[in-house]
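Q: So you can see what is in the structure, the chains are spelled out below.
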Amino acid sequence: MKNTILIISLILFSVSGQTFAESPKIGTLSFKDSKPAGKDWSSLFLEVEYSYTRHLGEYEKVWGSSQSGTIAFGKKYSKHYMLYFKTGYSQTAEWENTRDGNSMIPLLVGGKYYFDLGTFMPYFAFTNGFNVISQKYDNFGNQTDDILVKYAWQLGVGAYVHLSRNFAVNTTVSYNSSFYYIDAQMTGFNYAGGIAYFFR
Amino acid sequence: MKSYDKVKLIVHSNLPVSILIFVFIILSCEISFGKVPDSDLFEIPAPVLKEDRGLSAIKFSDCGKSNLLHKQNFLSTAAPNKNSSGISAKKIILIDRSGISSSKLYTPKPDFKYWESEKRFGVALLELGFSQFFPWALADWVMKPGWSVVGSNVWWYNISHGWDYDGDSFLTNNFTHPYHGNFYFNSARSNGFNFWESVPFPFVGSLFWEYFGEIYRPSFNDWINTSVSGFNLGEMAYRVTNLITDNTARGSKRIWQEIFAGILNPFRAFSRLISGEAWKVHPNTALYKQPVKIYVDGGMRRIVERGSDILDSASVEGLLGMKIRYGDVLESDLKTPFSCFTAWGHASNGYSFLTELHSLGHLTGWKLGGNRFHKEIFSINVSYDFLINPAFEFGAPSITFNFTLKNMLDENAYVRSDLGLVAVLMGSTSTEYFYGYDGRDYDLGPGPGIRIISSVTNGNWDYISLSYSGSMIITMAGTPDSKHYLHHAILEGQLPINDYFALGLSMEYYWRNSFYPHNVDVSRGSPIGRVFFITRL
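Line by line, the protein sequences are chains A and B.
Using the numbering used here, the first residue of the first sequence is number 1, and each one after it goes up by one.
Using the numbering used here, the first residue of the second sequence is number 1, and each one after it goes up by one.
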């Protein structure tokens with residue numbers, strides 16, 4: 001049964017490719033054609049965002065989730081790319097709330113590769129930088145007063161929905177992986193939503 | 001059923017089929033979307049080349065019916081030449097046989113469309129997928145070392161547990177991984193993407209491999225080494241192979257050029273094969289005409305394994321090396337990545353065959369000032385270091401921020417000085433107190449560094465040069481909480497005998513101060529002496 005499904009999938013995929021090839025727009029596998037003229041614009045942008053991270057792995061066994069508020073400033077280039085700097089404040093909660101959670105300031109730079117479809121602008125995003133972590137307890141329950149600086153990165157997908165010429169709402173889902181302790185790295189899925197203002 | 005067996009079952013049942021489907025989708029998309037006309041993709045080589053091989057000497061009447069089609073092809077190819085140049089086919093043949101290169105009779109099409117003139121994401125993705133699938137399949141189906149037995153359980157474990165550092169050998173982490181990253185980079189670079197657009201490919205490719213290609217947790221040092229040194233090595237391979245392949249050459253010369261370039265950069269060779277550029281006569285690009293200097297050197301070195309005196313117990317090794325100087329930061333376009341780079345290395349008959357490999361590639365730069373007698377340049381570079389010998393080992397991809405000064409001494413000779421601040425992204429250095437579960441015997445970590453070079457040169461020969469490289473490695477994996485201060489000073493002289501040959505002598509000193517909070521600190525020094533001849537090709 002499984003093999004039958006796989007073979008049918010194979011045929012369907014190859015047929016779908018053939019159908020595209022027979023269309024009059026050969027060689028235009030691009031979103032550009034569906035875009036009205038005059039959409040290639042560049043501008044600076046400012047974005048505020050709230051995010052919730054559900055952690056994974058060994059880290060999750062102690063610290064269940066994090067909530068963050070971030071602000072990003074950067075530039076949207078006319079062709080596909082956005083570059084930005086992002087910082088904010090994040091608070092990590094312990095499962096039982098018996099101990100103080102960790103607080104964290106992310107210092108990140110990143111880029112997005114977007115597809116401008118007009119109102120809707122989906123993208124892939126990669127962000128990396130450092131988390132400055134202030135902790136009262138370490139991952140093993142020991143009381144401490146450490147400041148840790150750890151490498152962090154996120155890889156995600158998301159979309160802007162333009163509400164007006166300048167304002168857009170933004171949602172992103174990303175995979176987040178940051179150093180913490182070698183046996184308990186800070187991994188998780190991050191769900192973010194925010195508002196962006198484009199200076200154009 | 002044990003969980004291990006489940007994983008194995010999943011892999012052996014689903015994964016190969018899934019990968020096959022993936023490859024098929026990519027292939028079907030790329031070909032059926034028709035980004036390139038079929039004639040360009042699969043053009044049968046026209047028989048023009050055969051004229052060079054003396055086809056004109058063949059009497060068609062002697063060839064029989066089987067050669068009728070061949071004859072028609074030949075005539076149809078010769079006819080346009082008559083129209084365009086006014087010379088009859090017969091004349092072409094006669095001129096050719098009289099010894100004048102026939103390449104002069106063919107004007108490459110001025111409107112030739114290069115394969116790389118547009119981005120071919122599908123082919124790039126296919127090649128990236130192949131460069132991951134091939135080593136995985138080789139390991140899983142042939143070599144069976146165990147690390148390739150992956151499946152959904154392994155993947156989820158890796159996603160949820162995140163980064164680790166691996167225990168691979170020095171050679172694997174510092175040479176094999178960068179070499180593999182070069183393939184990821186060139187899967188994009190050879191398919192229409194520019195340098196900066198190709199850089200994400202080794203990062204994403206390596207990330208994918210680390211999470212899904214092995215049973216081990218993703219290795220952070222692998223990711224850095226594969227990605228950073230991958231695009232560094234990849235762009236050099238791309239540019240060097242562009243120097244090798246002459247698009248106007250024909251015959252056996254052309255074949256050998258394509259084969260040699262294909263060995264150095266297989267994905268570019270693949271692109272040239274499917275586009276027909278490997279055999280079509282067409283104009284060379286600007287990358288074919290870049291200024292390059294190649295040096296080959298041979299000699300011997302005496303390396304003291306431990307001690308401060310060159311007469312102490314030492315290893316004597318024969319060395320054979322090569323150096324490539326591509327462009328010149330003092331003359332090149334500073335905004336073009338890798339418009340200049342230098343790469344050099346040595347093979348030895350001693351401790352390790354590949355004993356030394358370095359490169360410094362230009363990313364971007366700014367001219368700060370200067371005139372006929374004086375120049376000042378600031379540049380950002382990516383560098384790669386690999387050193388393994390009986391006394392020490394060190395490897396690192398780095399980013400170097402370089403001030404370059406040039407002061408003319410006379411019409412030809414000048415003093416060139418470089419002062420660089422270095423960010424070592426992932427250093428590997430010898431240690432006394434760590435021996436990992438997989439046999440790794442060195443520490444891993446990032447750190448800052450400095451690099452100073454000053455030489456009196458005429459652009460071809462460095463009459464005398466003095467260099468110092470120092471770095472601090474903050475151990476992230478290996479001996480806990482340790483720090484290493486590494487220093488390497490080199491004094492080298494070259495005595496040119498003529499324009500193409502020189503004799504040389506170099507004295508080096510490498511020393512390491514390692515601080516171990518939980519063990520006794522260690523200081524080690526190793527003097528190295530080398531005599532050599534060097535020739536400029």
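Watch out, some of these pointers could steer you wrong.
[Unchecked claim] Within a straight-line C-alpha distance of at most 30 Å, the following computed DSSO-like cross-link-like pairs (lysine-lysine) qualify:
hint	chain 1	residue 1	chain 2	residue 2
1	A	K150	A	K136
2	B	K367	A	K75
3	B	K144	B	K113
4	B	K144	B	K119
5	B	K119	B	K375
6	A	K136	A	K61
7	A	K75	B	K119
8	B	K335	B	K253
9	B	K375	A	K150
10	B	K375	A	K79
11	B	K119	B	K280
12	B	K280	B	K367
13	B	K367	B	K253
14	B	K253	B	K144
15	B	K113	B	K323
16	A	K79	A	K61
17	B	K335	A	K79
18	A	K79	B	K113
19	B	K406	B	K483
20	A	K75	A	K150
21	B	K406	B	K323
22	A	K75	B	K375
23	B	K367	A	K79
24	B	K323	B	K335
25	B	K335	B	K289
26	B	K144	A	K86
27	A	K136	B	K483
28	B	K406	B	K113
29	A	K136	A	K86
30	B	K119	B	K289
[As the list claims (entries may be wrong)] On the chain B side, residues computed to face chain A include the following (Cβ under 10 Å):
hint	residue
31	G146
32	V154
33	S160
34	Y216
35	F220
FYI, nobody ran anything at the bench for these hints, they're computed from the structure.
Where is the CB? At the ideal position from N, CA and C, for every residue including glycine.
Q: Take the hints in turn and mark each one as holding or not.
A: Each hint, compared with the structure:
With a CA separation close to 16 Å, the supplied pair K150/A and K136/A stays within the 30 Å bound. For the hint linking K367/B to K75/A, the alpha-carbon distance of about 26 Å falls within 30 Å, and the restraint holds. Note on K144/B and K113/B: the hinted pairing is violated, with a Cα-Cα distance of about 44 Å set against a maximum of 30 Å. The hinted pair formed by K144/B and K119/B fails the criterion: a straight-line CA distance of about 37 Å is larger than 30 Å.
Between K119/B and K375/B the CA atoms are separated by roughly 38 Å; this puts the pair beyond 30 Å, and the hint is violated. Taking the CA atoms of K136/A and K61/A, the gap is near 17 Å; set against the 30 Å cutoff, the hint holds. The suggested pairing of K75/A with K119/B holds, with an alpha-carbon distance near 24 Å, which does not exceed 30 Å. With a C-alpha separation of about 34 Å, the suggested pair K335/B and K253/B falls outside the 30 Å cut-off, and the hint is violated.
Under the criterion of a C-alpha separation no larger than 30 Å, the hint pairing K375/B with K150/A is inconsistent with the structure, at around 40 Å. Annotation: proposed proximity of K375/B to K79/A is violated, straight-line Cα distance about 36 Å (limit 30 Å). In summary, the hint linking K119/B to K280/B is supported, as the alpha carbons are separated by about 21 Å, within the 30 Å threshold. Note on K280/B and K367/B: the hinted pairing is violated, with a Cα-Cα distance of about 40 Å set against a maximum of 30 Å.
A threshold of 30 Å between alpha carbons decides the hint, and for K367/B with K253/B the separation of about 41 Å lies outside it, so the pair is violated. Annotation: proposed proximity of K253/B to K144/B is violated, straight-line Cα distance about 41 Å (limit 30 Å). Of the supplied pair hints, the one linking K113/B and K323/B is violated, its CA atoms being roughly 34 Å apart against a limit of 30 Å. Only pairs whose Cα atoms come within 30 Å are accepted, and K79/A paired with K61/A is rejected, the gap being roughly 43 Å.
Distance hint between K335/B and K79/A is fulfilled; the C-alpha atoms sit about 20 Å from each other, no more than 30 Å. At roughly 23 Å between alpha-carbon atoms, K79/A and K113/B fall within 30 Å of each other, so this suggested pair holds. At most 30 Å may separate the alpha-carbon atoms for a hinted pair to count; K406/B and K483/B exceed this at roughly 35 Å. For the proposed pair K75/A and K150/A, the alpha carbon gap of about 26 Å is at most 30 Å, so the pair holds.
A threshold of 30 Å between alpha carbons decides the hint, and for K406/B with K323/B the separation of about 21 Å falls inside it, so the pair holds. Simply put, K75/A and K375/B have alpha-carbon atoms about 34 Å apart, too far for the 30 Å limit, and the pair is violated. A hinted pair counts as satisfied when its Cα atoms are at most 30 Å apart, and K367/B with K79/A qualifies at roughly 28 Å. A threshold of 30 Å between alpha carbons decides the hint, and for K323/B with K335/B the separation of about 24 Å falls inside it, so the pair holds.
With a C-alpha separation of about 18 Å, the suggested pairing of K335/B with K289/B holds against the 30 Å cut-off. Restraint check: the Cα-Cα separation between K144/B and K86/A comes to about 44 Å, which exceeds 30 Å; the hinted pair is violated. For the given pair, K136/A sits about 26 Å from K483/B by alpha-carbon distance, which is consistent with the 30 Å threshold. For the given pair, K406/B sits about 41 Å from K113/B by alpha-carbon distance, which is inconsistent with the 30 Å threshold.
Pair hint K136/A plus K86/A holds up; C-alpha atoms about 25 Å apart against a cutoff of 30 Å. Taken as a hint, the K119/B and K289/B pair is honoured in the structure, with Cα atoms around 23 Å apart against an allowance of 30 Å. Annotation: G146/B was flagged as interfacial toward chain A, and the flag is violated, the nearest CB pair being 22 Å apart, outside 10 Å. For V154/B, the suggested interface contact is broken, since its CB lies about 14 Å from the closest CB of chain A, more than 10 Å.
Among the interface hints, the one on S160/B holds; its C-beta lies about 4 Å from the nearest C-beta in chain A, closer than the 10 Å criterion. For Y216/B, the interface hint is violated, the least distance from its beta-carbon to any beta-carbon of chain A being 13 Å, above 10 Å. For the restraint placing F220/B at the interface with chain A, the shortest Cβ-Cβ distance is roughly 8 Å, inside the 10 Å limit, so the hint holds.
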